[in-house]
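Asks: This is what each chain is made of:
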Amino acid sequence: MVIVRPDLVEEDLDRLVSTLEGHIGTAGGTLKGTERMGKRRLAYEVRKFQDGMYLLFNVEGEGKIIAEIERRLRVTEPVIKFLTVRVDEEQKRLDKVKKIREARVRARPEAPAEEAAPTATTGGEAAPAAV
Amino acid sequence: MADENTQQVPTTGAAAPEAQRTVTTPSRGPRTGPGRPGGPGRDAGPRKYFRRKKVCKFCVEKIDKIDYKDVRLLGQFVAESGKIVPRRLTGVCTPHQRRLTDAIKQARNIALLPFTSRV
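As they're listed, the protein sequences go chains A and B.
Take the first sequence: its position 96, counted from the start at 1, is 96 in the numbering used here, and no numbers get skipped.
Take the second sequence: its position 26, counted from the start at 1, is 26 in the numbering used here, and no numbers get skipped.
I should point out that these hints are in silico values taken from the structure, not numbers from a laboratory.
Among the clues, some could well be false.
As the list claims (entries may be wrong) - Pairs of lysine-lysine residues, derived as DSS-like cross-links and limited to a Cα-Cα distance of at most 30 Å, are as follows: (1) K105/B - K62/B; (2) K48/A - K83/B; (3) K96/A - K65/B; (4) K32/A - K105/B; (5) K98/A - K62/B; (6) K83/B - K99/A; (7) K39/A - K69/B; (8) K96/A - K54/B; (9) K39/A - K65/B.
What the hints assert, rightly or not - Here are some chain A residues the structure puts well away from chain B; computed CB gaps all over 12 Å: (10) A43; (11) R106; (12) R108.
As the list claims (entries may be wrong) - Restraint ranges, calculated between C-beta atoms of paired labels, are given here: (13) Y44/A - D102/B: 14 to 24 Å; (14) E45/A - T101/B: 20 to 30 Å; (15) C59/B - V9/A: 40 to 50 Å; (16) V75/A - P114/B: 25 to 35 Å; (17) K54/B - T84/A: 31 to 41 Å; (18) E77/A - E61/B: 25 to 35 Å; (19) K32/A - P95/B: 26 to 36 Å; (20) K96/A - S81/B: 35 to 45 Å; (21) E77/A - C93/B: 37 to 47 Å.
Quick caveat: nothing in here was measured; it's all calculated off a predicted structure.
Idealized CB from N, CA, C, for every residue including glycine.
When you get a sec, could you build the whole thing from the sequences and use the hints?
Replies: Following this line, the structure appears as structure tokens:
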């Protein structure tokens with residue numbers, strides 16, 4: 001997740017986003033997705049800014065590649081703060097839990113299938129809600 | 001060790017750490033009487049402390065991923081001062097409390113939650 005200074009024009013922001021995506025590409029990482037989370041008020045002052053534009057990049061790559069991306073982010077002037085969170089282990093755990101839950105739902109016989117269906121949907125809805 | 005209030009001046013030096021421990025966080029409702037023990041089964045003896053059974057919100061709602069981006073969810077477990085609320089007040093189970101703490105600290109680092117806010 002990257003915080004960019006809030007006083008950028010729309011086109012400057014677009015240019016910056018594509019620059020960062022380019023950095024990710026040239027460093028050797030795979031960009032899985034970009035999300036612009038919009039301007040938010042910061043919980044505390046960062047480099048004399050009270051607001052910031054939040055961007056989220058979903059990147060896949062080795063450690064060295066991520067380190068390179070971080071190095072470039074540090075140098076990029078409009079970027080005022082960034083945070084790299086590793087999600088592969090967490091994702092593995094979530095997939096495992098989901099699989100166990102689905103197996104449990106499928107293992108139930110047909111008769112209580114109506115009861116099983118609502119539990120499956122609530123389980124499925126809970127995951128995006130937490131995100 | 002039944003001092004549960006915010007006004008008492010510690011009488012001895014030894015009471016100082018205790019007084020610190022029993023400072024009540026403002027956002028968690030009024031708690032009169034002695035503090036709750038960690039859970040049942042500590043001693044089979046007097047259970048007069050035992051209040052309502054608090055359940056872990058994450059276990060009940062089956063929330064798997066505690067995301068640092070979800071400020072609304074995280075904000076429920078943070079006091080007005082910005083401090084993380086202990087699990088004996090919120091009823092969260094240990095593994096979820098640990099993940100919640102990690103998420104809150106990540107959110108603090110990315111300025112989604114404050115480290116401290118003036119009360």
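Asks: Give a verdict on every hint.
Replies: Taking the hints in turn, this is what the structure says about them:
1. Between K105/B and K62/B the alpha-carbon distance is near 22 Å, which keeps this suggested pair within the 30 Å criterion.
2. Pair hint K48/A plus K83/B holds up; C-alpha atoms about 24 Å apart against a cutoff of 30 Å.
3. Of the supplied pair hints, the one linking K96/A and K65/B holds, its CA atoms being roughly 12 Å apart against a limit of 30 Å.
4. Taking the CA atoms of K32/A and K105/B, the gap is about 25 Å. The hint holds against a cut of 30 Å.
5. With a C-alpha separation of about 11 Å, the suggested pairing of K98/A with K62/B holds against the 30 Å cut-off.
6. The hinted pair formed by K83/B and K99/A fails the criterion: a straight-line CA distance of about 36 Å is larger than 30 Å.
7. With a C-alpha separation of about 14 Å, the suggested pair K39/A and K69/B falls inside the 30 Å cut-off, and the hint holds.
8. At roughly 28 Å between alpha-carbon atoms, K96/A and K54/B fall within 30 Å of each other, so this suggested pair holds.
9. A distance of roughly 24 Å separates the Cα atoms of K39/A and K65/B; the hinted pair therefore holds under the 30 Å criterion.
10. With a least beta-carbon separation of about 4 Å from chain B, A43/A fails to lie farther than 12 Å from that chain, contradicting its non-interface assignment.
11. Listed as a non-interface residue, R106/A keeps its Cβ farther than 12 Å from every Cβ of chain B; the least gap is roughly 17 Å.
12. Here R108/A stays apart from chain B, with its beta-carbon at least about 17 Å from theirs, past the 12 Å limit.
13. Take Y44/A and D102/B: their Cβ atoms lie about 19 Å apart, and the range 14 to 24 Å holds.
14. Range check, E45/A to T101/B: Cβ separation about 24 Å, and the 20 to 30 Å hint holds.
15. Take C59/B and V9/A: their Cβ atoms lie about 47 Å apart, and the range 40 to 50 Å holds.
16. A beta carbon spacing of about 28 Å between V75/A and P114/B agrees with the range 25 to 35 Å that was offered as a hint.
17. Checked against the hint of 31 to 41 Å, the C-beta distance between K54/B and T84/A comes to roughly 35 Å, which is consistent with it.
18. For E77/A and E61/B, the hinted distance range of 25 to 35 Å is not satisfied, since their beta carbons lie about 43 Å from each other.
19. Separation of K32/A from P95/B is about 28 Å and conforms to the stated range, judged on CB atoms against 26 to 36 Å.
20. Taken as a hint, the range 35 to 45 Å holds for the pair K96/A and S81/B, whose Cβ atoms sit roughly 37 Å apart.
21. The hinted window of 37 to 47 Å between E77/A and C93/B holds, with their beta carbons roughly 45 Å apart.
The structure fails to meet hints 6, 10 and 18 from the earlier list, while all remaining hints are met.
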